[in-house]
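Trainee: Sequence:
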Amino acid sequence: MANNKLYGHLMNISLVRIDDRLIHGQILETWLPFIKASCIVVVDDNVANDFFRKSVIRMAVPSDVEVIVNSIEEFTKNCSHYEKQGKKTIVLFYDIHNALKAYSFGFKFEKLNIGSAHSKKDRKFYSPAVYLCKEDIENLRFLVDSGVEVELRCIPRDKPLNFRDVIKKSKLT
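Mapping the sequence shown onto the numbering used here, position 140 (from 1) lands on 359, and the numbers just tick up by one.
Don't take each hint at face value.
Dumping the calculated BS3-like pairs for lysine-lysine here, alpha-carbon to alpha-carbon at most 27 angstroms [stated by the list, open to error]:
| # | residue 1 | residue 2 |
| --- | --- | --- |
| 1 | 296 | 255 |
| 2 | 378 | 388 |
| 3 | 306 | 327 |
| 4 | 378 | 339 |
| 5 | 340 | 390 |
| 6 | 320 | 306 |
| 7 | 307 | 339 |
| 8 | 255 | 378 |
| 9 | 339 | 273 |
| 10 | 320 | 330 |
| 11 | 273 | 353 |
| 12 | 330 | 390 |
| 13 | 296 | 327 |
| 14 | 340 | 306 |
The hints are simulated quantities; they were obtained by calculation from the structure and are not laboratory data.
Generate the whole structure from the sequences, applying the supplied hints.
Mentor: Following this line, the structure appears as structure tokens:
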């Protein structure tokens, strides 16, 4: 089986993304066709335990795309399942904390896309759809120091912004 070294490690993962909206138009109308993914995995403890939210997510996605909703622990225990599927897969995390937790549980990825982290208390603007707090920055620095390339980019046609460059620039302004 081909191993997609761009985003996944030992899996056929085409995109690992932070998006606090999880499934929405940008995912379905831009990322899904761009990647030609046939599977979306939502990794979130809250959503995995909420029957209604899981149902809404499944209804929003085209019927020819498999949708899996897992808790972080369940996802990391079943990573080998996605390798065996051979499907191009998008993995979505609600926030940076969840992605870091999955990484520490053994889901090693080489690239992380931050598409949406909306404004909240104690968060600072870094790109039009990305606001980060100090903890987010520390967690992302840990991932970068571990060899993960972190980019800020909403949709495929946008120019990706390298996390390190964005942080350096923000300290100068």
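Trainee: Output the numbers, in ascending order, of every earlier hint that fails for this structure.
Mentor: 7, 11, 14
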